[in-house]
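Undergrad: Protein chains in written order, with the working numbering: chain X, 1 to 283; chain G, 1 to 283; chain A, 1 to 283; chain R, 1 to 283.
Among the hints, a few may not be true.
Note that the list lumps identical chains together, so a pair holds whenever it fits in one copy or between two copies.
[As the list claims (entries may be wrong)] In silico DSS-like cross-links for lysine-lysine, where the CA-CA straight-line distance does not exceed 30 Å:
| # | residue 1 | residue 2 |
| --- | --- | --- |
| 1 | K80 | K178 |
| 2 | K178 | K147 |
| 3 | K147 | K205 |
| 4 | K205 | K14 |
Simulated from the structure, these hints should not be mistaken for lab results.
Bear in mind that the values here come from a model prediction, so they are computed numbers and not experimental data.
Number of protein chains: 4
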Amino acid sequence: MGYNTRLLISCPDKKGLIAAISQFIAMHDGNILSADQYVSESSGRFFMRLEIEGAGFGLERGEFASAFAPLARRHGMDWKASYTDAPKRMAVLVSRYDHCLIDLLWRWDAGELEAEIPLIVSNHPDLASRAQVYGIPFHHLPIGENKAQQEGEMLGLLDEHEVDFVVLARYMQILTPKFVSAYPDRIVNIHHSFLPAFVGADPYKRAHDRGVKTIGATAHYVTEDLDAGPIVHQDVAHVTHRDTVDDLVRLGREVERRVLARAVRWHLEDRVLVDGNRTVVFE
Amino acid sequence: MGYNTRLLISCPDKKGLIAAISQFIAMHDGNILSADQYVSESSGRFFMRLEIEGAGFGLERGEFASAFAPLARRHGMDWKASYTDAPKRMAVLVSRYDHCLIDLLWRWDAGELEAEIPLIVSNHPDLASRAQVYGIPFHHLPIGENKAQQEGEMLGLLDEHEVDFVVLARYMQILTPKFVSAYPDRIVNIHHSFLPAFVGADPYKRAHDRGVKTIGATAHYVTEDLDAGPIVHQDVAHVTHRDTVDDLVRLGREVERRVLARAVRWHLEDRVLVDGNRTVVFE
Amino acid sequence: MGYNTRLLISCPDKKGLIAAISQFIAMHDGNILSADQYVSESSGRFFMRLEIEGAGFGLERGEFASAFAPLARRHGMDWKASYTDAPKRMAVLVSRYDHCLIDLLWRWDAGELEAEIPLIVSNHPDLASRAQVYGIPFHHLPIGENKAQQEGEMLGLLDEHEVDFVVLARYMQILTPKFVSAYPDRIVNIHHSFLPAFVGADPYKRAHDRGVKTIGATAHYVTEDLDAGPIVHQDVAHVTHRDTVDDLVRLGREVERRVLARAVRWHLEDRVLVDGNRTVVFE
Amino acid sequence: MGYNTRLLISCPDKKGLIAAISQFIAMHDGNILSADQYVSESSGRFFMRLEIEGAGFGLERGEFASAFAPLARRHGMDWKASYTDAPKRMAVLVSRYDHCLIDLLWRWDAGELEAEIPLIVSNHPDLASRAQVYGIPFHHLPIGENKAQQEGEMLGLLDEHEVDFVVLARYMQILTPKFVSAYPDRIVNIHHSFLPAFVGADPYKRAHDRGVKTIGATAHYVTEDLDAGPIVHQDVAHVTHRDTVDDLVRLGREVERRVLARAVRWHLEDRVLVDGNRTVVFE
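My request is simple: use the sequences and hints to build the entire structure.
TA: So this is what it looks like as structure tokens:
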């Protein structure tokens with residue numbers, strides 16, 4: 001087999017889960033390349049991520065589900081398998097800021113991101129040339145008077161391109177619940193503050209007014225509540241009294257792109273599981 | 001002269017301030033060891049900190065004020081001079097947590113903090129032995145039924161010991177406006193969150209519930225508004241899904257003591273000026 | 001059982017190891033609280049750390065070894081089990097600098113370190129009072145003319161107190177191979193530079209001369225080669241042109257104590273395994 | 001005047017320098033926007049950076065030198081003035097790695113870097129398309145059999161384009177003394193290690209072999225001694241046992257581009273002065 005199998009599992013915790021799962025894999029001659037496990041105190045759930053080497057493994061992708069289903073049913077598992085030769089199909093949504101987009105595209109080109117990028121969508125035409133550098137189709141969908149219509153077209157495009165995962169790379173629009181529910185735990189947004197500080201608009205301006213000495217950025221899954229979804233990653237930068245709002249914006253760009261890129265990478269490698277409003281990240 | 005003179009100035013910005021001030025010092029044969037300057041865009045004010053070498057300077061501490069007053073009046077300066085042989089008199093207020101107190105005392109003993117510590121005050125008796133290690137008088141003032149009375153006694157003690165500066169090293173009581181106004185911009189508190197996130201009680205518990213990936217601590221001057229005073233310093237620590245509330249408390253202790261110690265050091269060395277609700281820190 | 005069992009394993013990698021180990025634990029009704037695993041590309045070895053809940057586990061500490069031995073033998077495992085009700089016995093060696101010692105003792109007192117500290121040993125009498133605060137016996141063993149003799153006495157003391165683990169908390173002496181070989185991978189030293197930069201004496205002075213903009217500290221296991229043992233943890237602090245050698249020493253103290261404390265905590269919780277000259281740290 | 005004047009000064013320290021300089025500026029109706037000053041303990045030299053507002057300043061760029069010369073002569077000053085409407089002319093030298101180049105160009109396009117970029121030069125053709133995105137001329141100068149000849153052509157090009165400042169953005173060639181001496185303290189290189197650790201080739205491989213837990217990058221002025229010039233900026237990233245050499249390379253790219261960009265920005269804004277083998281950075 002030319003690909004590895006990745007298995008993500010969550011279920012109510014009980015004794016013997018690791019034994020049962022690893023026994024199942026051993027029975028099929030699988031070599032476990034990496035195994036991560038965590039039991040959540042707050043939810044009582046068990047989370048696991050496994051990567052199984054392709055060479056020698058007895059279960060092809062077409063066979064895995066039916067072989068694993070009985071075990072999964074017995075333990076009440078939520079699970080999914082993915083395969084390293086089938087990278088996720090990722091759409092990037094942008095408005096006018098280019099720093100996150102350029103950074104993601106550069107990393108993708110450098111081989112840092114396991115993804116196909118079938119399209120970039122924007123409500124503004126500005127960044128078309130950025131997409132062109134890497135030969136990725138750019139769709140300009142202006143919002144106009146009817147936002148629902150624009151979102152409908154966007155959903156149509158994503159569907160048509162069989163998109164698995166949506167990245168909001170400073171997409172300056174609030175998505176409707178309809179859109180959000182189409183990609184549960186599969187839309188990552190970058191918010192330009194250290195959440196839960198400065199939820200909403202103009203976080204750098206408000207950070208400056210408050211006189212903070214550190215600014216931050218937060219990558220989170222998008223839910224219906226604005227800026228309240230499960231946090232995947234956060235980081236900060238130090239600032240001083242000399243930094244104007246423009247300086248915060250400049251320094252913030254560096255944090256935003258770094259935080260978003262890391263969250264995207266983790267999602268693409270199936271390293272993030274959702275535990276209520278928290279995330280489990282198997283780095 | 002066996003001491004250096006430190007001069008802190010703030011006034012409306014205008015041309016020629018640096019020339020006027022440095023000319024004044026040169027006229028009196030002063031050697032400027034360090035000079036820091038900043039003009040605040042938001043308030044239009046000029047801020048300066050100067051350290052003048054003792055050797056050769058023609059103005060003794062008794063003479064400085066009358067010599068400098070005309071210049072200060074002409075430019076509408078708020079100013080104060082301090083002298084490096086007269087360290088500030090610092091009181092430390094604590095409750096039951098010892099980490100910030102131990103750290104401050106160790107640093108003080110190691111010569112990192114330019115201060116005299118005439119007393120430590122607590123509403124609990126628990127930390128008396130910590131004070132004793134360094135031979136510092138410890139006053140236990142329980143709050144009992146009448147908080148105003150306890151604060152009155154505390155103010156009396158601070159007054160009696162000629163205290164310049166008050167550090168709340170995890171003092172778990174909210175001070176009354178009367179107390180706060182007795183030491184304007186001269187009370188530093190350590191808040192165990194990254195303000196303005198998690199104002200108020202139980203920040204680590206709330207940070208855990210929100211699923212943040214970074215926790216922080218904030219040192220700020222105390223004003224009448226809870227946790228809303230000018231921020232002097234902030235820092236953070238990364239956390240993961242594996243960290244329980246107790247782990248956040250443990251990791252937070254390390255950040256708290258580091259952030260508080262740095263803010264205290266800067267205040268003691270006259271490096272912090274207040275610009276509205278922001279601080280200018282000449283590191 | 002009132003204690004959890006921790007199992008550390010390393011062996012040549014092969015298929016089925018996780019299944020075999022977890023099956024063994026499940027067979028004895030063990031509940032795996034946490035499991036970490038790693039395969040080293042450079043050495044081809046498999047490393048694992050397991051924590052098994054006491055409640056319900058069928059193997060008491062007296063029974064574990066004989067039950068596990070056949071499996072271990074079959075796979076060529078190096079392994080050891082430890083038990084959370086039997087913390088390691090840790091000796092701290094110091095000279096005159098107190099910052100690492102005070103920090104370790106404060107953390108120990110705060111419950112951050114799973115250890116008993118039967119003794120502190122020093123070649124100088126200065127820090128006796130630091131030990132006394134926490135009621136820990138302090139042994140002053142001056143070096144005098146015969147270093148071998150002093151080390152002999154020290155080894156005698158450690159042996160008498162059944163010490164498992166030795167921490168060099170700025171102990172300013174080079175240990176002989178004889179001493180080092182008595183505690184293989186069980187002596188942690190803090191070096192006050194970012195190794196491999198500034199091996200040997202006076203790293204802060206040399207860092208200042210070189211004009212670096214960041215200083216660091218390194219915690220490592222002690223081997224016969226000076227400052228060349230496996231690194232457990234490293235961290236840094238930023239410095240500027242304004243920082244004198246004394247400032248570097250001051251800022252470095254903060255990094256040193258933080259880095260050492262973390263390495264000690266990891267060792268005490270059996271989170272560190274040695275892979276040639278590298279360490280595997282299951283945080 | 002539509003531009004500000006920046007003045008960089010270094011000279012032997014003595015009393016009254018700040019007064020003399022600020023008096024000179026006040027005499028010509030200059031408004032000092034920012035002033036930074038430092039006295040080096042090791043060299044006994046005084047360093048100063050001033051930014052003087054254009055509006056109202058009585059000295060145009062053509063007049064400044066002759067007006068300032070007498071004062072400069074009296075105090076033995078090395079000095080230079082620059083003007084904010086005349087950004088430096090910066091050449092970027094690259095080989096095959098694109099991350100530093102893309103980052104610099106993006107920042108330049110975003111207005112973060114005060115520079116004109118008349119040309120990019122490379123010994124390989126690979127990155128021509130990166131330059132083209134921003135419309136910057138790309139010169140491919142292969143090294144072939146005669147390196148001196150290639151360097152000669154390069155010097156010719158830089159001269160022809162009136163280049164002030166050269167950035168080695170992962171230019172994988174060692175420059176000859178002749179080239180270096182043509183741009184003293186005006187060539188910045190990014191070295192992919194935390195100098196002085198891992199001087200020379202393959203630092204990531206060597207860092208991995210040594211088992212370090214932190215990797216770094218260093219921006220420094222180029223001198224005749226390899227990797228030994230004055231350090232402008234350094235930063236690090238944490239790594240774990242799981243990170244392969246390829247991971248270090250990937251994580252290192254992020255540090256390299258951040259460190260280089262900051263050093264370049266500081267140089268362009270005349271914030272860096274050289275003090276022997278150290279730098280003074282007025283951030």
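Undergrad: Hints first: check each against the structure and report whether it holds.
TA: Hint check:
no.	hint	result
1	K80 / K178	within (24 Å within a copy, 54 Å between copies)
2	K178 / K147	within (12 Å within a copy, 54 Å between copies)
3	K147 / K205	within (27 Å within a copy, 39 Å between copies)
4	K205 / K14	between (49 Å within a copy, 26 Å between copies)
When each numbered hint is compared with the structure, no violation occurs for any of them.
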